[in-house]
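J.: Could you fit the two chains together into a complex? Lean on the hints.
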Amino acid sequence: MSTTPVSSAPVKSNSIGLEILDYRGSKSTLCAGCGHNVVAERILEAYYEMGIQPERVMKISGIGCSSKSLAYFMSRSFSFNSVHGRMPSVATGAILANQTMRTIGISGDGDTASIGIGQFVHLLRRNLPIIYVIEDNGVYGLTKGQFSATADIGSKLKTGVINDLPPIDVCALAIQMGATFVGRSFSGDKKQLSTMLKAAIAHKGTVLLDIISPCVTFNDHEGSTKSYKYMKEHDEAVNETGFIAPFDEISVEYDHDTTVDVQMHDGSHLRLRKLHEDYTPTDKAGAVNLLMETHEKGEVLTGIFYVDTHELDFASRLNMVEEPLATLPEERVRPSREVFAELMQAHA
Amino acid sequence: MATSNLEVQSLPTADSPIHPKKVVNDFSIQVATVNGSGSQSANNILLRSIFNMGVPVSGKNLFPSNIAGLPTWFVIRVSRDGWVARKNDIDLLIAMNLETVQEDVRNLPTGGSVIFDEAFNLADRRSDLTYYPVPFDRLVAATGAEMKVRKLIKNMVYVGVAAQLLSIDVKGLENIVRKQFGKKAAVADVNWKAVQLGFDYAASTLTKQDPLVVEPMTATHGKIIIDGNSAAAMGAMFAGVTVVGWYPITPSTSIVEDLIKYMKQYRVEKDGKASFAIVQAEDELAAIGMVLGAGWAGARAMTATSGPGISLMAEFAGLGYFAEIPGVIFDVQRTGPSTGLPTRTAQGDIQCLAGLSHGDTKHVLLIPGSVKECFELGMQAFDLAEYLQTPIFVLSDTDLGMNNWMSEPFEYPEKPINRGKVLNAKQLEELGGFARYKDVDGDGITYRTLPGTDHPAAAYFTRGTGKNDKALYSERPEDYQRNMERLVRKFETAKTLVPKPILNGTGKQKLGIIAFGTSDCAVLESRDQLERELKLATDYLRVRAYPFTPEVDEFVARHETVYVVEQNRDGQLLNLLKVDLDPTHVTKLQSITHYNGLPIDARSVTNAIASHEGANK
Numbered sequence: 001m002s003t004t005p006v007s008s009a010p011v012k013s014n015s016i017g018l019e020i021l022d023y024r025g026s027k028s029t030l031c032a033g034c035g036h037n038v039v040a041e042r043i044l045e046a047y048y049e050m051g052i053q054p055e056r057v058m059k060i061s062g063i064g065c066s067s068k069s070l071a072y073f074m075s076r077s078f079s080f081n082s083v084h085g086r087m088p089s090v091a092t093g094a095i096l097a098n099q100t101m102r103t104i105g106i107s108g109d110g111d112t113a114s115i116g117i118g119q120f121v122h123l124l125r126r127n128l129p130i131i132y133v134i135e136d137n138g139v140y141g142l143t144k145g146q147f148s149a150t151a152d153i154g155s156k157l158k159t160g161v162i163n164d165l166p167p168i169d170v171c172a173l174a175i176q177m178g179a180t181f182v183g184r185s186f187s188g189d190k191k192q193l194s195t196m197l198k199a200a201i202a203h204k205g206t207v208l209l210d211i212i213s214p215c216v217t218f219n220d221h222e223g224s225t226k227s228y229k230y231m232k233e234h235d236e237a238v239n240e241t242g243f244i245a246p247f248d249e250i251s252v253e254y255d256h257d258t259t260v261d262v263q264m265h266d267g268s269h270l271r272l273r274k275l276h277e278d279y280t281p282t283d284k285a286g287a288v289n290l291l292m293e294t295h296e297k298g299e300v301l302t303g304i305f306y307v308d309t310h311e312l313d314f315a316s317r318l319n320m321v322e323e324p325l326a327t328l329p330e331e332r333v334r335p336s337r338e339v340f341a342e343l344m345q346a347h348a
Numbered sequence: 001m002a003t004s005n006l007e008v009q010s011l012p013t014a015d016s017p018i019h020p021k022k023v024v025n026d027f028s029i030q031v032a033t034v035n036g037s038g039s040q041s042a043n044n045i046l047l048r049s050i051f052n053m054g055v056p057v058s059g060k061n062l063f064p065s066n067i068a069g070l071p072t073w074f075v076i077r078v079s080r081d082g083w084v085a086r087k088n089d090i091d092l093l094i095a096m097n098l099e100t101v102q103e104d105v106r107n108l109p110t111g112g113s114v115i116f117d118e119a120f121n122l123a124d125r126r127s128d129l130t131y132y133p134v135p136f137d138r139l140v141a142a143t144g145a146e147m148k149v150r151k152l153i154k155n156m157v158y159v160g161v162a163a164q165l166l167s168i169d170v171k172g173l174e175n176i177v178r179k180q181f182g183k184k185a186a187v188a189d190v191n192w193k194a195v196q197l198g199f200d201y202a203a204s205t206l207t208k209q210d211p212l213v214v215e216p217m218t219a220t221h222g223k224i225i226i227d228g229n230s231a232a233a234m235g236a237m238f239a240g241v242t243v244v245g246w247y248p249i250t251p252s253t254s255i256v257e258d259l260i261k262y263m264k265q266y267r268v269e270k271d272g273k274a275s276f277a278i279v280q281a282e283d284e285l286a287a288i289g290m291v292l293g294a295g296w297a298g299a300r301a302m303t304a305t306s307g308p309g310i311s312l313m314a315e316f317a318g319l320g321y322f323a324e325i326p327g328v329i330f331d332v333q334r335t336g337p338s339t340g341l342p343t344r345t346a347q348g349d350i351q352c353l354a355g356l357s358h359g360d361t362k363h364v365l366l367i368p369g370s371v372k373e374c375f376e377l378g379m380q381a382f383d384l385a386e387y388l389q390t391p392i393f394v395l396s397d398t399d400l401g402m403n404n405w406m407s408e409p410f411e412y413p414e415k416p417i418n419r420g421k422v423l424n425a426k427q428l429e430e431l432g433g434f435a436r437y438k439d440v441d442g443d444g445i446t447y448r449t450l451p452g453t454d455h456p457a458a459a460y461f462t463r464g465t466g467k468n469d470k471a472l473y474s475e476r477p478e479d480y481q482r483n484m485e486r487l488v489r490k491f492e493t494a495k496t497l498v499p500k501p502i503l504n505g506t507g508k509q510k511l512g513i514i515a516f517g518t519s520d521c522a523v524l525e526s527r528d529q530l531e532r533e534l535k536l537a538t539d540y541l542r543v544r545a546y547p548f549t550p551e552v553d554e555f556v557a558r559h560e561t562v563y564v565v566e567q568n569r570d571g572q573l574l575n576l577l578k579v580d581l582d583p584t585h586v587t588k589l590q591s592i593t594h595y596n597g598l599p600i601d602a603r604s605v606t607n608a609i610a611s612h613e614g615a616n617k
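Just so you know, the sequences run in chain order A and B. Oh and the first sequence: position 36 is 36 in the working numbering, straight run, nothing missing. Oh and the second sequence: position 126 is 126 in the working numbering, straight run, nothing missing.
Chain B on its own, in the form it takes in the complex (with noise of 0.2 angstroms):
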């Protein structure tokens, strides 16, 4: 595995006197480009070979709605205590966009240092920091590649400089460059040399002033990395997915683009045809409207949005709880209202999706707090779909979907697909016939044909009209209030279906977290902080879904204070939990919100925490 970059004799090491008090393992890394500069590999190789050195380490791609000029910046966090949050405070900066380089150098912490292209002249510089200048253009020009690719390749420079500077190794760096540009051998050659270039100029140019350090470790040891889109798409491959309707919207686009990718490679019979069909249709209202259609002609049907397309596929989305069609909609919410910040990360559809479009209508949420369970989730949903006979929501957002996380490889699904309560024409004979919307096992969830069934006695009349037991068109009183009260009962037995919170303390504490989704990793981090640093010991739930199993109220009416924590203004989930629980529980809840785009950091959690247990001592 991963080598420390002292024992590869080919290239000259760091002369450099390494800080007294070296930092070994736990820092964070800025990368600040401009948008379309063609960063994202190298980011992406940076962090994959820290990765594969075994220390744990996230990255954040904080990028602008904009597909080439405006400022982007990368986010690499090391951790050997595998936090993953985003961390407020940078150690290294390496700025490579003229237009923000003075604000981006200005927000750094005492002791930070900066790696930069010399051609910035950045005069007065401040005296806390260490600054590492690097003539970018020169050693660009020396790799000998062609003009057109010289933007990109200065990224791989950068790459070589910071791997000499943190002693990132080598070697391993070497293969996560030839593996990345794949069989095109003479771009990956290209772009090594770039990082080669870099790496002899730190080696040979700079003095190594700061504390950071990269050391190899064990703790990613068989883990992958992947990001939640798709692990999202993974998981509606190995659900049996056939039909998609998709309209592309940021950050939802990829979940969809590596499911076709998935699909063509995997799901192509011999013969060659296809066993899905995958239609980019012409607005989420069609989107929606193919998945409904097809999960009425019993297929496993999916799309993938974000917010304003949710707002878009609100009608339809009653039409499916009312009518009682199986779909699933993936929603990887970015922040609104409106297009908002349309590629920056936000929690802000989970009230809105509890009751997606106008009447009595609730909707089941399953809500993944990790790239596995995007995964694990995602597949779930199409068997929940189909047994509820109902439309699925998956709440991903843009920091689960577009970022890549490290995780324990997934599992193999064990069970096999349940396609729910579906009659055959055997089994029609049988019976001498069904009555569609009648609850015949009591647990609200009715039994369907299929289009298609061949006996006379298959078929209903499906509508978002009132309607009886038989399907017929009703609007006789007892008839619509018994339909509304049978859908009530099936939401009860969606809440012994849904996955369960995830309990993380002793369960006996006085103060108690509830959280979801990305807001985990967060809340896990600032649990420890507020322990170490202010003796706080605090029980943390995790919501996974909606409609709220019991353990939440339970876990509610154990603690004295339940901190609600989530990425929007309002304080959504709080209000969906002061809707649902006992009145009586419901003064204890305290709302921490965070809502500027960016990915929620532990810090803020702990001293929102602090603050307001520090105001009730």
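With the rest of the complex left out, here is chain A (with noise of 0.2 angstroms):
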């Protein structure tokens, strides 16, 4: 469960008064050194910068590596583990039932862009109101380091096996199919990261993050294309993110000429700084066409690349009312005797 603290420091809270405790998981049972390890971190830390309840979020997964990782990461928050490569659904009905909830997503590369695939368009084409985060490293970590469908095509397992097919770009297929909050990060990229995620917790829409999380015993070799070393050497950023909390003041100085300014759902400012020229993340088709243009300079873009702020969510498009569908109480859920006789005599 939950470690004990070491550091004698004095404990800090945040803006609701919970320490960084109240936002761990159980100790991870996965390789030491694996980038899924850091984005558990990441992720509960951007939950407690961010002032979140741990009881106002359902964590939800596939099967695999990354999924396994939801138990690592927030334990008083409310976790399913499901079936592979179908969180998806299993999301949409926990959001359909309690709308008011706030929802992560955590999925592979396999459990997301093979056998997932299907439930994965569907999901994007919804804009569910969700932080999905593919946690991609190339390869299936449990069955001991087969590619997966987000392999760059020339990589090479360390049996000397090369890829032959192309990738699937979960990001660029994500933008087309209406995600409204489209980004790619590194595991090793500390504060890009943190800032993304942050960032993702204050949209109301598919947020779809691809963290590249390399896989330190299948995948972390010469010839792979999502190795540490590949990715020092290849990462190259769209923009440059900055994010000010609702309650925090703003108070990053940025050029005006090169920024970016986006302001959440919840009041908060997404701030771009363009690294790229001429990149604006609200252009869907600006957004897709770079993507694979830097995909084919051997580059791996990363950033915010598509962001959509208007586009209603699928809850919301569902028109419910505004209590969770799970509570409501009797009276508004089972019709009237008068309703069930009208309902006889229009068989009568």
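Do not rely on the hints blindly, as some may be mistaken.
Subject to a maximum C-alpha distance of 25 angstroms in a straight line, what follows is the list of computed DMTMM-like cross-link-like pairs (lysine to aspartate or glutamate) [as the list claims (entries may be wrong)]:
| # | chain 1 | residue 1 | chain 2 | residue 2 |
| --- | --- | --- | --- | --- |
| 1 | B | Lys362 | B | Glu215 |
| 2 | B | Lys426 | A | Glu323 |
| 3 | B | Lys426 | A | Glu338 |
| 4 | B | Lys372 | A | Glu311 |
| 5 | B | Lys264 | A | Glu322 |
| 6 | B | Lys273 | A | Asp235 |
| 7 | B | Lys171 | B | Glu215 |
| 8 | B | Lys273 | A | Glu342 |
| 9 | B | Lys415 | A | Glu330 |
| 10 | B | Lys273 | A | Glu323 |
| 11 | B | Lys183 | A | Glu236 |
| 12 | A | Lys27 | B | Glu475 |
| 13 | A | Lys284 | A | Asp248 |
| 14 | B | Lys270 | A | Glu331 |
| 15 | B | Lys179 | A | Glu338 |
| 16 | B | Lys500 | B | Asp528 |
| 17 | B | Lys270 | A | Asp235 |
| 18 | B | Lys510 | B | Asp479 |
| 19 | B | Lys264 | A | Glu330 |
| 20 | B | Lys184 | A | Asp235 |
| 21 | A | Lys27 | B | Glu215 |
| 22 | B | Lys270 | A | Glu323 |
Derived by calculation from the structure, the hints in this document are not laboratory data.
T.: Now the structure itself:
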């Protein structure tokens, strides 16, 4: 369960009076050095820093190393480690049952881009209000290192097998299919990942974060394009992300000529400093083009590629009552005797 | 209420002599049409006109998997004794399909009669039948209907012809036609005109030579007519369903389509907000995933599907069982395997459903045998799912789900909704926390919390993996085994909660019959045939749930021979009985199966039992 604090520094708390310990999960059973452990740490920090009550969060995953990592953060949140490739449908049901909850889905590249591709695209298409994290390492870890569908063409397995099929770019797919917040980061880039996660928490709609998270056991060798080394050499950021939470004072200094400021649903601001000229994160076609171009150049583009804060999310589209459907009282879900009599009369 | 057409002055009546030996309220009509020709409304109007005269009636739509062009048949059985099973012998054929007319006529028994389109030029007519040629095109033209609707209007003409020949109450018929087309007065007018023209033509031109007559009774007074899918949808609504994930598949589609209609009307609140969410999923995997996600988060959730969808749901069904998540799955069975006969009926999913998924999985099945039970068990399924924290399957079939059946009106639920063992924040505070999978009450059913419960000890980890009482990951042999044993205990508890079987008969006969679902109507009629024709008295137990309650084993114990009647090839219910009953009783079971895609009929059951009993003598 929760780990014991070793620091003797004064205990800090967040805006709702909780300590970082209140956001911790079980001890990880993943390999030492696994990118997923770092991602789990960044996620819990983001919820802590955003002052989100852990009991207001649902965590849902499929199957795989990434999906297991659900247990390694935020034990006080409600968790469901479900079926391989089917996290989207489980999350959809849970969100409809209680749209007042915040939901994060944890998946992997196999869980999303192979077995789960069908449910994945439909989740995107619905703009389901969820943070969908892909912990992307290009291989199946739990079955000991087979290629996944995000593995780059020409990348090499430990066994020497070369991947001869093109990868699915989950970010480009997400932008095309209707996700309203799409970005890519690297588990080793603490600042970028943390900022993106906090902005993701502020967004209402589908957030797709493809986080390159190297598999130290099966895909961190020479010839791999999802290794720590490769990422450090080829990571090319499209923008520098800054996030100003609604309760923070705006103190980040940027040159206004080179920044794009996006107001999020909760009043916070996502401030993106352009690193690529003419790049605007609200242009769908431009985002997809850039992703395809950088792919050809052998770069791994990171940053926030696309944001749309206007599109209605799926739960809002269904025009449900404000309260959770799950706990509506009987008088609101069982029609009256008069209605019943009317229905019987209609069939008499 | 209904009157005979003889009292209606505005229209001419048949002046032909009624057959000396008239057959009153006991015959079958088969309407043979082309799929997509819009005959369904006409057939239901004909059915309802007989029902409204107080005469027991049932309708079976035997349709192809096709949108338009293939042959389709609708069989209306009129039965003063109230039998509603399909009857093999047809007494009156309404032949509207040139493609099948020869065969349809050939299949008629001696003494039958045929209303047919005179354009068919039926040569070489059988001498043992009565023929009623009707110039449909000429009559349709006389209605003045637009060309594009003439195909539909044609059906209304045969309603008029049949009504005249069978002495169906005309005033009542007009009311039904006008009700059917509701506010569209012009449409109602042209349809009614077509009925009148058919009626007038029969009265003035045809000479009644067959013995079939409908005479008013009071047997249907106070009853309703409804199909099982509508009834199930109503059950779900009154059970308080809130989340529906579904994927269209015949013959289950109309459960959700009817539910959408009802919910839009009765479950939208004053401010226009819906107290429900219905999502058409991308496939059945997603449909059941949504149901379990919603059930986990505390909603009353359901889906409706048929065999192929059930196959796709298998993995999730195991998760639902093992992770203990409520959900209701309506399976309107059709003829398999694979695509099989997708619009025909069968009871071929029961064995697969009982253990759907891999590993040691056991499911609770509720099995309605009537439209009333589609409503009642459809509603009860939601209470059971939440109380037992497991997926509950409701097994209907094409015949029950898509055909119209007479029924006593349903009853408004008197018992409040039972949400099962759910702990709130206050209870958690008092208890100082909880262990999700600890069997506190000894009934195998543990306590759960719902996401959003505002207490630091409320959350738990739901998973398809092994776990301990506290829901923590565990591969310890004793944790796994203890959990599996508790699930068996829960299944035992289920036996005390599921609907008990229904016994027909004294319970003292040597011969017993066990059946489930829509085989009921055929078995009830067969028992009457066996008793009247062969002096064979039987007891009959209709099973309404799996797991079997103790009454089932007791019933088999008390009888020398027990016929297990079902609509599948392999005797699936019998196989389940073999596994679950006292092994010394199993040799008493005899299988009677019916699996040609048509609803089972009484005569097939009677013949099978008679043959077996004769062979034993």
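J.: Is the Cα-Cα distance between Lys27(A) and Glu475(B) 25 angstroms or less?
T.: holds, 16 angstroms
J.: Sort out whether Asp235(A) lies within 25 angstroms of Lys273(B), counting only the CA atoms.
T.: Cα-Cα ~47 angstroms, so violated.
J.: Does Glu338(A) sit within 25 angstroms of Lys179(B), going by the straight-line distance between their CA atoms?
T.: With a Cα-Cα distance of about 21 angstroms, the restraint between Lys179(B) and Glu338(A) holds, given a limit of 25 angstroms.
J.: Does the structure keep Lys270(B) and Glu331(A) at a Cα separation of 25 angstroms or less?
T.: holds, 14 angstroms
J.: Please verify whether Lys270(B) and Glu323(A) have alpha carbons no more than 25 angstroms apart.
T.: holds, 15 angstroms
J.: Would you mind confirming whether the straight-line C-alpha gap from Lys270(B) to Asp235(A) stays at or under 25 angstroms?
T.: violated, 54 angstroms
J.: Mind checking the alpha carbons of Lys273(B) and Glu342(A) for me, to see if they're no more than 25 angstroms apart?
T.: At roughly 22 angstroms apart (the allowed maximum being 25 angstroms), Glu342(A) and Lys273(B) satisfy the hint.
J.: Given the hinted pair Lys264(B) and Glu330(A), is their Cα-Cα distance within 25 angstroms?
T.: holds, 18 angstroms
J.: Given the hinted pair Lys27(A) and Glu215(B), is their Cα-Cα distance within 25 angstroms?
T.: violated, 79 angstroms
J.: Checking one constraint from the list: CA of Lys426(B) to CA of Glu323(A), max 25 angstroms. Satisfied?
T.: At roughly 20 angstroms apart (the allowed maximum being 25 angstroms), Glu323(A) and Lys426(B) satisfy the hint.
J.: Do the alpha carbons of Lys273(B) and Glu323(A) lie within 25 angstroms of each other, as the hint requires?
T.: holds, 11 angstroms
J.: Keeping to a limit of 25 angstroms between CA atoms, is the pair of Lys510(B) and Asp479(B) held or broken?
T.: Roughly 48 angstroms separates the two Cα atoms, so the pair is violated.
In summary, the structure is inconsistent with hints 1, 3, 4, 6, 11, 13, 17, 18, 20 and 21 from the numbered list given earlier, while agreeing with the others.
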